[in-house]
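> Protein sequence lines correspond, in order, to chains A, B and C. In terms of our numbering, the first sequence has 40 at position 40, counting the first letter as 1, and numbering is strictly consecutive. One rule links them: number in our numbering = place in the second sequence (from 1) + 83. One rule links them: number in our numbering = place in the third sequence (from 1) + 826.
Watch out, some of these pointers could steer you wrong.
Unchecked claim - The calculated SDA-like cross-link candidates involving lysine to any residue, where the alpha carbons are at most 20 Å apart (straight line), are:
| id | chain 1 | residue 1 | chain 2 | residue 2 |
| --- | --- | --- | --- | --- |
| 1 | B | Lys423 | A | Gly25 |
| 2 | B | Lys775 | B | Pro786 |
| 3 | B | Lys543 | C | Glu1038 |
| 4 | C | Lys942 | B | Glu514 |
| 5 | B | Lys813 | C | Lys942 |
| 6 | B | Lys229 | A | Leu67 |
| 7 | C | Lys938 | A | Leu68 |
| 8 | B | Lys616 | B | His703 |
| 9 | B | Lys235 | C | Val940 |
| 10 | B | Lys278 | C | His845 |
| 11 | C | Lys938 | A | Leu67 |
| 12 | B | Lys239 | C | Arg887 |
| 13 | C | Lys861 | A | Asn29 |
| 14 | B | Lys813 | C | Asn943 |
| 15 | A | Lys13 | B | Ala300 |
| 16 | C | Lys942 | B | Gln818 |
| 17 | B | Lys423 | C | Arg863 |
| 18 | B | Lys144 | B | Gly161 |
| 19 | C | Lys938 | B | Tyr513 |
| 20 | B | Lys231 | B | Glu256 |
These aren't lab readings, by the way, just hints derived from the structure by calculation.
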Amino acid sequence: MRFTAHINVMPHKELLDPQGKAVTGALHNLDLAGIQDVRIGKRISLQLEASDEATARTMAEEACRKLLANPVMETFEFSIAAS
Amino acid sequence: MPQNSSVTAAPASLEQALKLGLLEEEFEQIKSILGRSPNFNEVAMYSVMWSEHCSYKNSIKWLKTLPRDGERLLVKAGEENAGLVDIGGGLGCVFKIESHNHPSAIEPFQGAATGVGGIHRDIFTMGARPIAALNSLRFGLPDNPKTKWLVKGIVKGIGHYGNCFGVPTLAGEVYFEDCYQTNPLVNAMSVGIVKAGETVSATSYGAGNPVFIVGAATGKDGIGGASFASADITEDSAEQLPSVQVGDPFEEKKLLEACLEVIQTGAIIGMQDMGAAGITCSTSEMSAKGEHGMIIHLDRVPLRQQDMKPWEMLLSESQERMLVVVKKGQEGAVQAVFDKWDIHCVAIGEVTTEQRLKYYMQEELVADVPAQSLVLGGGAPVYERAYSEPAYFKAIQAFNPASIPIPGDLRAIAFHLAQLPNIASKRWIYEQYDSMVMTGNTQTNAPSDAAVVRIHGSEKALAVTTDCNARYVFADPFKGAMIAVAEAARNIVCSGGTPVGVTNCLNFGNPYNPEAYYQFVHAVKGMGEACRKFETPVTGGNVSFYNQGPEGPVYPTPTIGMVGVLDSMENKMTLSFQHPGDLIYLVGSAREDFNCSEYLHQLCGVTHSPAPHFELDEEHALQKTLAHLIDRGSIRSAHDVSEGGLFCCMLESAMSSGHGFNLHSPAGMRKDAFLFGEAQSRVVVSVNPDLKSLFEAEVAGTPYSLLGRVASNAEICVDGESWGYLPEWKQAYEQALEQALTA
Amino acid sequence: MKFGIIVFPGSNCDRDMEHALRDDLEQDVVMLWHKDRDLSAFDVDDCLVLPGGFSYGDYLRCGALARFSPMMEQVINFAGRGGKVLGICNGFQILCESGLLPGVLLQNDHQKFVCKNVFLKSEHTDNIIGDNVGARVLQIPVAHGEGRYHADTKTMQSLRENRQIIFRYCNQEGEVHLSSNPNGATDNIAGICNVRRNVYGMMPHPERATSEVLGNMDGRSILEAFTYMN
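Let the sequences and hints guide you as you build the complete structure.
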């Protein structure tokens, strides 16, 4: 079966996110003062071939752990759907 | 109120202290300093301040034997964040090198990036604008996948921070050797310029003066990082990963501009950047230096993460922060500058006469310690470790050069050498660094042995370099360290400069290992001897122990960062051959010596051989001669003989100009040793044939020999045999490293 | 005639541009702070320069945050009045983000920052820069991670039709080859101008090539081009 995985990779909460910090400041300069704590991550989509959804999940999980996210700095979450 | 009843929180246990890395006797010492049992906050503070990283407890005894005085020195070694040397014309040069080995081993990108950020902060905290960045890197062999990952991450990290910060990465060195497989070395150096009278000291005095924390908000970054740097790296260290620090070069760039601007207000008493042990280190070192105390309200520190405990704030190593002591009544001027740059600037306390540091959380006193007791030169312990001659020295002494057959095809050997990772062009690496921002780098269009950077608004230029062939130090720590100093000085002299000062980064194994400590002690002795000879005092630097992995310690690597001065750009000497027909001379003696060479080590597979020929007096005389030749205008290029020997030296001079050469080897000497040997104290120069007799008169007194001529085409000719044309050599030389790293 | 150099937080070639214009080209230079809004001292004979660097750390997208600096509103008005504007590197990125120039600068195809000398060639003389530099091949440094010029087909077509491409990367002999393209830019584009020919953007750094001490003077003719009156 063919599945689509949508993966969100975000910087760890406890780590400084320089990009998010600069964007928060810039939004405030645009008079959007109510916006706080911007954090910027990545969204990745990929196609995968697997016998069932559980196997697809394992594959996606492994892809995230091994390459797509750096566990030192990032967390990840994903959703899987048959495509 | 009696002191011992004023601090809240229960006393810490010995077990907690041991866990934080303190020794039992150190715990007892803290008790006797305080006259009571310390609480956990206090134990945590001592554990970091008395760690190797901050206290130099296992090295300071020997560091004090290095020459630390000189007529150009404006501050004594260790007194400020970095060395400060008078370069004349009302200018001072501030420079320092520091290691970030262990963080880079774990997270190469951020580890290297924050290393660069930290060293620049040490420079601008003194009021100087950084104008040059250098680095010295050591990796395992490039065919190893882990090495590729480390090189890519570390190079990207250095580039990311330096490029954004806007200071050119001008020079450096990169070596690949098995022993660095687990534990790479990342040493970063920064060089800045300050006008005389505009320097700022890391001090604090004047009761009632407010203390500000400036820059990024404080998070739980790198808590225990300083202790972490003082522990061996094992597989288990991966569990300490949350302690990785994230650098923000944009914040630091703003901080640089704001700090230099705020100094102009005249409102600053003292300033220090926060590196290891953050608030603890900066408050204690500044207070100890100014012989005052401080009251600090930790609850006023801007936080990035909620619910931080006092000890977490005290130890946090969040980057891009400074502690600034301001003259009372002038806070407004200071605040205005930081507001302009959108930088946090918050008063967190004030200076007191009593020489104690008192930290409060709301109104509760959470730590209370004498400032002096925490710092190096104050209460921090000093140890002398045992050492013994390394057992591997026997294998080195046993090497017999006659056991190496002379190869038949020397051209093939030379072609292979030019592509070895330690010799091949580092272009793939340095093109990822902005080397030209600040428009001072004169290397781009006219390379020289040391990087020559002009100083805007002055006739002067600096020549800067980092050097250390650690294999020589491994073979003979005393002589090897002398060679590192000598090569740095030689590079500066060959570029037309006068060496003025040294910063060092001493990367060694575990100091509790008597053989590693032997290497350390003898390297420091050799370094001291050479620095005295070249009149280049050691202005500061950094010691990094515990550089080892399961396969053993790294080569002892005492990296030398050296700064030289050119009074005018007219003195600059390039390494490129200039004109066809110019005579090529070797200044110094040709020697039948290939000990410790890349040729012997990499191509003949000899892991243990003595350090190459080196005599300090001979080297000193050679450098005097070189300086004289450049001063008299009697040479057109100068390039010192180093890794890869005479042939690789000439090849580099040829490739950077496109002019080939012919070379004649002397009779009665092994040709492989002549071409590829790395005996020290030799420089290849090219001379206008019309000035032949002038040159030979000027060089007299120093051994020299005619090697050949610069060719009118791109051909390389050795003893009448064509070795091919430069484009082929250049392509191999320039692409080898990229191919090895990206294969 | 005078130059105004706009300093954004994170600009780091602002002083280089100042040195090049003031010390090497002996021009009048005014440094302008991004939070200010006053350009009343500038008229259409003057030139505003958006320097290189990493405004706002290059966070989010290069130039995306600087584009909202108060001064940029004034720069857009100034350009609308026919004032000359030159963006170098990050300045070029800001001009694209703000819509003063078409297209976008993407990450280099090799995904690495690149700093080295490259060769450039101007193809048309009906713009301020081309008129001054002529057909000579120039050696100018680049230093960027995001310099791959890209625009959609329609925009590309109009750039060509309107002769808005001011510089292409080439080799030393002036041949425009993929092999001399340092970042994968479409059509080897190194710099462009707007239709009206008063707004210019380029990735290479002419201010790094205006002094004898650095051994390269090729950048002078590019900057000099803006000193002549309209």
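> A separate judgement is required for each hint: does it hold in the structure or not?
Hints, verified against the model:
| no. | hint | verdict |
| --- | --- | --- |
| 1 | B:Lys423 - A:Gly25 | holds (14 Å) |
| 2 | B:Lys775 - B:Pro786 | holds (15 Å) |
| 3 | B:Lys543 - C:Glu1038 | holds (15 Å) |
| 4 | C:Lys942 - B:Glu514 | holds (6 Å) |
| 5 | B:Lys813 - C:Lys942 | holds (17 Å) |
| 6 | B:Lys229 - A:Leu67 | holds (14 Å) |
| 7 | C:Lys938 - A:Leu68 | holds (19 Å) |
| 8 | B:Lys616 - B:His703 | holds (7 Å) |
| 9 | B:Lys235 - C:Val940 | holds (14 Å) |
| 10 | B:Lys278 - C:His845 | holds (18 Å) |
| 11 | C:Lys938 - A:Leu67 | holds (19 Å) |
| 12 | B:Lys239 - C:Arg887 | holds (18 Å) |
| 13 | C:Lys861 - A:Asn29 | holds (10 Å) |
| 14 | B:Lys813 - C:Asn943 | holds (17 Å) |
| 15 | A:Lys13 - B:Ala300 | holds (14 Å) |
| 16 | C:Lys942 - B:Gln818 | holds (16 Å) |
| 17 | B:Lys423 - C:Arg863 | holds (15 Å) |
| 18 | B:Lys144 - B:Gly161 | holds (13 Å) |
| 19 | C:Lys938 - B:Tyr513 | holds (11 Å) |
| 20 | B:Lys231 - B:Glu256 | holds (17 Å) |
When the structure is compared with the earlier hints, no violation turns up for any of them.
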